[in-house]
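2 protein chains.
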Amino acid sequence: MTAYKDLTREELLAMKKDLELQYEDAKGKGLKLDMSRGKPSEEQLDMTMPMMDIFNSSCDMRDDQGVDTRNYGNLEGIWSARRLLGEMLGVAPEKVIVFGTASLSVMYDSISRSMTHGVMGSTPWCKLDKVKFLCPAPGYDRHFSITEHFGIEMITIPMTEEGPDMDLVEEYVKDPAVKGIWCVPMYTNPLGITYSEEVCRRMADLNPAAEDFRIYWDNAYCVHHLYDDEQDTLPEMLSMCEANGKKDMILEFASTSKISFAGAGISCIAASEGNLEWVKKSMTIQIISHDKINQLRHVRYFKDMDGIKEHMRKHAAIMRPKFEMVLETLERELGGLGIGSWTKPLGGYFISFDAMDGCAKAIVNKCKEAGVVLTGAGATFPYKKDPHDKNIRIAPSYPTMEELKLTAELFVLCVKLVSVEKLLGEI
Amino acid sequence: MTAYKDLTREELLAMKKDLELQYEDAKGKGLKLDMSRGKPSEEQLDMTMPMMDIFNSSCDMRDDQGVDTRNYGNLEGIWSARRLLGEMLGVAPEKVIVFGTASLSVMYDSISRSMTHGVMGSTPWCKLDKVKFLCPAPGYDRHFSITEHFGIEMITIPMTEEGPDMDLVEEYVKDPAVKGIWCVPMYTNPLGITYSEEVCRRMADLNPAAEDFRIYWDNAYCVHHLYDDEQDTLPEMLSMCEANGKKDMILEFASTSKISFAGAGISCIAASEGNLEWVKKSMTIQIISHDKINQLRHVRYFKDMDGIKEHMRKHAAIMRPKFEMVLETLERELGGLGIGSWTKPLGGYFISFDAMDGCAKAIVNKCKEAGVVLTGAGATFPYKKDPHDKNIRIAPSYPTMEELKLTAELFVLCVKLVSVEKLLGEI
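Chains as they are written, first to last, in our numbering: chain A, 61 to 487; chain B, 61 to 487.
Rather than coming from a laboratory, the hints here were simulated on the basis of the structure.
Just so it is clear, the structure is predicted and the values come from calculations on it, not from any experiment.
Note that the Cβ used here is the ideal one computed from N, Cα and C, for glycine as well.
There is no bait here: all hints are sound.
Listed below are the simulated EDC-like cross-link pairs for lysine to aspartate or glutamate, each with C-alpha atoms no more than 20 Å apart in a straight line:
no. : chain 1 : residue 1 : chain 2 : residue 2
1   : A       : Lys404    : A       : Glu221
2   : A       : Lys187    : B       : Glu208
3   : B       : Lys187    : A       : Asp189
Across the chosen pairs, the derived CB separations fall in these ranges:
no. : chain 1 : residue 1 : chain 2 : residue 2 : range
4   : A       : Asn116    : B       : Gly133    : 23 to 33 Å
5   : A       : Leu91     : B       : Gln125    : 15 to 25 Å
6   : B       : Gly181    : A       : Lys92     : 32 to 42 Å
7   : B       : Asp227    : A       : Arg122    : 47 to 57 Å
8   : A       : Asp366    : B       : Asp85     : 48 to 58 Å
9   : B       : Gly133    : A       : Lys444    : 15 to 25 Å
10  : B       : Lys87     : A       : Ala152    : 34 to 44 Å
11  : A       : Glu102    : B       : Arg360    : 14 to 24 Å
12  : B       : Lys341    : A       : Glu102    : 26 to 36 Å
13  : B       : Asn425    : A       : Lys444    : 56 to 66 Å
I would like the entire structure built from these sequences, with the hints used as guidance.
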């Protein structure tokens, strides 16, 4: 296998001709696939259908504390749901508030509330000249969309193999305008890596100039392992921050969107008492109570952490072959060519692919022309601008194995073709 | 029956002694009832339980357009749910976005969004020196809580028997700082009356100085009739505003909280295309999609407007005797005494009681001492301040008939006792 950069111009031109023929052929197949988001597959959703049997018209809809889940009340969510999600995050139920379907909304509302009301008594951010956020990138595009939506300046923090570059983070938090950092600490979106113990330790011991600085700890994939025997681990951050006397510095978010149903799960925030009081002050104005029936449905279905683990093993059985097939295709087709590198995650929803500099947009476009929509190149960076135009997020979950196989083949073909064009100076 | 004001001091003192004995007796009964909110009763919630049979694990969870309700997607809600709630409000489905469980959150988010992003391109309200809202009162306390939470100045608009005093409303909207008016137009909270055709006509033809002025039309009780033969009617306001060339001036809200389950219904906004685009601009950042499974559950259960009407007749059968019993008690015990007046609603959730000036707080306190919690006196006014301290909201829905009977008896007793004390100059 010769690296592309060592090929002569003639060899590249010949190769290009051949690749173009293959590409025309691929286009002719009439593919029509959307792989832009990390959506669970139909097979995964089917697997959770027994949850629909939990209730029928003769059920007692009271929780184990006697709360009628059908009526108004219980702003913080039913106790058993707080306990279940607390167990998942390794924190006590009293540190958890359970919300509706989407942790994204809980995060959005946190930022929105900070804009209009400040954080635990601080100046509302809309009254400040400048508010900045640290954005480890590549990262979760919807985090960046929230901060952009509220006019918050985003500072890109490069990701290392252990997590965000903590030297930079420690430096930047000295600026009192820096009010937060977005983190997906486990099986991170899109890299699939998990923050190292050392990164977590330094994160939990930050000394931000702003008293209203918060770590936005989006633990979206905390139970999303692909393997039984080889799993990443993450320290429990609330207690780590508390041990450093910084218990208010972190807000943790999670949901069951990729555990139960993507559009109909339950979500939560976990935080210190002070932070929860701050959340509730607005929440009690915003809503009487979230969907407690759905909370109880989840509790009765999963029962406890063992139930969640058991359920996640079934997800893994569906996800694992997809990840492995994509990785095998990347390795077989691109290994040694020097035109791309990729991560090999042990969990989560994504494989992150780095093309040669300046190639990501062109690759994504080529895939699209042939009928496969990938996440827009650049989407994983603040302002959708990948400074090197090289990162592409691959979301293998949604397509069937057959579709995914075709997609993976198309993808490596597009990578090759665009790389040749790049080396020929054509793009 | 002699009006209390015509009694001599001696007669009042004798009466007081007797009432105090009765009151001590009532306290001894150990009542423990919370009638502070308009909560559906257990009987009503039980009635809706067949909704829990709609889905089981072998169900097809696709809507009639093939959308898999279990997955992410469809920001605006599934089409059939938009159609169902549109039908309920008399507007086309494309004018409706379906949300999660709570219309209160939809309203809160509208105000919050206006604070940070303005309304359809206007200056964000947080950048303005002063923002004011018109608050017809007595009104819905949670509306007033939202505006108060965001530091919006509230201007009380007295209610007439036909709705808000429109002379005042027309005058106040000339002030460009006035950005909205809260309305519960049908079976209004707490009066139970419905805005007249004339009030609606004038409302739909307002000429506000502020281009971002909106009518917040909370149509919470649009199908909540108590009687089959005698029902209030309300014009469809979106088209009325549109006919006046003011289609962007109104945002309509509704939910099934008091149709299906109080904590687990579906909610919506209905508005012009421009307003919906404005809503979606933030909504697409805030959430991927609301609970479409619950939306489909509601669609399959109610099917159409006839299904909703049929269902509401069952609610009415439970609510009607409660309303009638309270009204009968008020009439029997207080009629002709000149110490109180009350509304006789044809629908909704409340009876509004006006005591003698300066007596409401004392009556509510007396009830509380005897074990019955009513809505706090003043809660129905901006800043929780009833200028005459006379309005009390009675919410007959939640208690059983037996409990309600005891409550009604206690209530009239407390009204009498406090009125006597008032006339004696003791309070």
